[in-house]
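Enquirer: Top line first, the protein sequences correspond to chains A and B. The first sequence stops at residue 176 when you use numbering that gives the first Met the number 0, and every number in between is there. The second sequence stops at residue 176 when you use numbering that gives the first Met the number 0, and every number in between is there.
FYI, nobody ran anything at the bench for these hints, they're computed from the structure. Take the hints with a grain of salt, since some may be wrong.
[Claimed, not checked] With a straight-line cut-off of 30 Å between C-alpha atoms, the simulated DSBU-like cross-links for lysine-lysine are:
#1 A:69 with A:154
#2 B:173 with B:102
#3 A:58 with B:154
#4 A:154 with B:58
Keep in mind that this is a model prediction, so the values were computed, not measured.
There are 2 protein chains.
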Amino acid sequence: MHTRKVRLFVATSLDGYIAGPDHDLSFLHLVEREGEDYGYTVYADETDTVVIGRNTWEKVSSDGASSPFKEKQVYVISSSGNPESGPVVYYSGNLTQLIRALKSSAGKDIQIEGGPQMIGELLNSRLLDSICISTIPILLGSGIPLFREGLHPVKLELQQAGSFPSGLVQATYKVIY
Amino acid sequence: MHTRKVRLFVATSLDGYIAGPDHDLSFLHLVEREGEDYGYTVYADETDTVVIGRNTWEKVSSDGASSPFKEKQVYVISSSGNPESGPVVYYSGNLTQLIRALKSSAGKDIQIEGGPQMIGELLNSRLLDSICISTIPILLGSGIPLFREGLHPVKLELQQAGSFPSGLVQATYKVIY
Numbered sequence: 000m001h002t003r004k005v006r007l008f009v010a011t012s013l014d015g016y017i018a019g020p021d022h023d024l025s026f027l028h029l030v031e032r033e034g035e036d037y038g039y040t041v042y043a044d045e046t047d048t049v050v051i052g053r054n055t056w057e058k059v060s061s062d063g064a065s066s067p068f069k070e071k072q073v074y075v076i077s078s079s080g081n082p083e084s085g086p087v088v089y090y091s092g093n094l095t096q097l098i099r100a101l102k103s104s105a106g107k108d109i110q111i112e113g114g115p116q117m118i119g120e121l122l123n124s125r126l127l128d129s130i131c132i133s134t135i136p137i138l139l140g141s142g143i144p145l146f147r148e149g150l151h152p153v154k155l156e157l158q159q160a161g162s163f164p165s166g167l168v169q170a171t172y173k174v175i176y
Numbered sequence: 000m001h002t003r004k005v006r007l008f009v010a011t012s013l014d015g016y017i018a019g020p021d022h023d024l025s026f027l028h029l030v031e032r033e034g035e036d037y038g039y040t041v042y043a044d045e046t047d048t049v050v051i052g053r054n055t056w057e058k059v060s061s062d063g064a065s066s067p068f069k070e071k072q073v074y075v076i077s078s079s080g081n082p083e084s085g086p087v088v089y090y091s092g093n094l095t096q097l098i099r100a101l102k103s104s105a106g107k108d109i110q111i112e113g114g115p116q117m118i119g120e121l122l123n124s125r126l127l128d129s130i131c132i133s134t135i136p137i138l139l140g141s142g143i144p145l146f147r148e149g150l151h152p153v154k155l156e157l158q159q160a161g162s163f164p165s166g167l168v169q170a171t172y173k174v175i176y
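Work out the full structure, taking the sequences as your base and the hints as a guide.
Expert: Here it is, written out as structure tokens:
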């Protein structure tokens with residue numbers, strides 16, 4: 000059986016923000032280039048499950064029901080879970096337990112779409128396997144950081160690094176616990 | 000006349016810390032390799048002046064007088080300036096004014112050795128010209144961040160990027176004001 004990996008694929012400013020003030024994502028436009036997805040399609044092809052924070056979900060799903068993740072099983076981490084099932088499940092239980100259950104079941108890799116709280120919990124639970132960061136050439140100065148303060152230190156192993164004509168620098172790390 | 004550039008050459012963890020708790024720099028050992036200085040010698044050859052924060056100075060200068068920067072003119076930014084002159088000057092005046100004066104005088108580039116306060120002031124004064132960040136493959140979780148919160152947003156232009164067998168990823172940016 001394929002060992003399912005829990006993978007983060009995310010863009011940040013050089014000062015480490017995944018969004019500016021008021022969840023502003025317009026800085027991502029700086030690196031938009033025709034026909035260049037910076038590896039997202041390959042990443043998405045290797046995952047069949049998405050675990051996403053409630054706030055992020057509300058940003059990417061305009062009506063709160065239809066999924067931009069196509070055929071994937073989506074778990075929306077939300078304090079107010081509901082009994083919905085199907086391709087989008089609201090999940091109000093323990094994140095660590097959900098991820099452990101997913102990893103021990105069969106499937107492709109697991110795509111994490113979340114902010115500092117979710118990433119922090121996954122790192123502290125030693126469940127995040129891989130981090131791919133695309134650094135956008137800007138300092139935002141304030142906003143939502145990717146990593147929250149107070150994490151346990153953790154070593155990384157560089158697996159791939161490169162840059163693009165837009166100025167985006169991408170590096171993929173395996174997390175070493 | 001050569002236009003003197005104000006340049007930062009610095010290493011951070013992937014989560015953006017230049018030092019761990021208690022100014023711990025031991026994470027830098029992770030990428031120490033025989034004969035590999037990650038471009039520092041070239042950088043140092045292109046500068047003849049160092050502007051350094053008092054805390055950083057006290058870390059790198061064991062006796063507070065002898066300079067690890069060899070022949071370079073050193074300005075130690077310190078609230079308690081003293082009338083010393085020579086290769087090491089304690090400077091208690093306005094940092095922005097000092098940098099403006101240095102940039103309008105002849106010389107090689109200017110090397111910045113400072114923390115979030117100095118970097119923030121130089122960015123907000125539009126005086127920092129170039130940022131070279133070497134990212135060490137580790138998440139420190141807490142410590143001294145390179146960039147403080149609340150900076151004005153500023154765009155960057157990627158000038159060079161690459162990675163090394165140690166896992167260090169280096170990117171150099173021109174600051175676009």
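Enquirer: Compare the structure with each hint and give your call.
Expert: Outcome of the hint check:
1. A:69 with A:154: Violated, at roughly 34 Å.
2. B:173 with B:102: holds, 16 Å
3. A:58 with B:154: holds, 25 Å
4. A:154 with B:58: With a Cα-Cα distance of about 25 Å, the restraint between residue 154 of chain A and residue 58 of chain B holds, given a limit of 30 Å.
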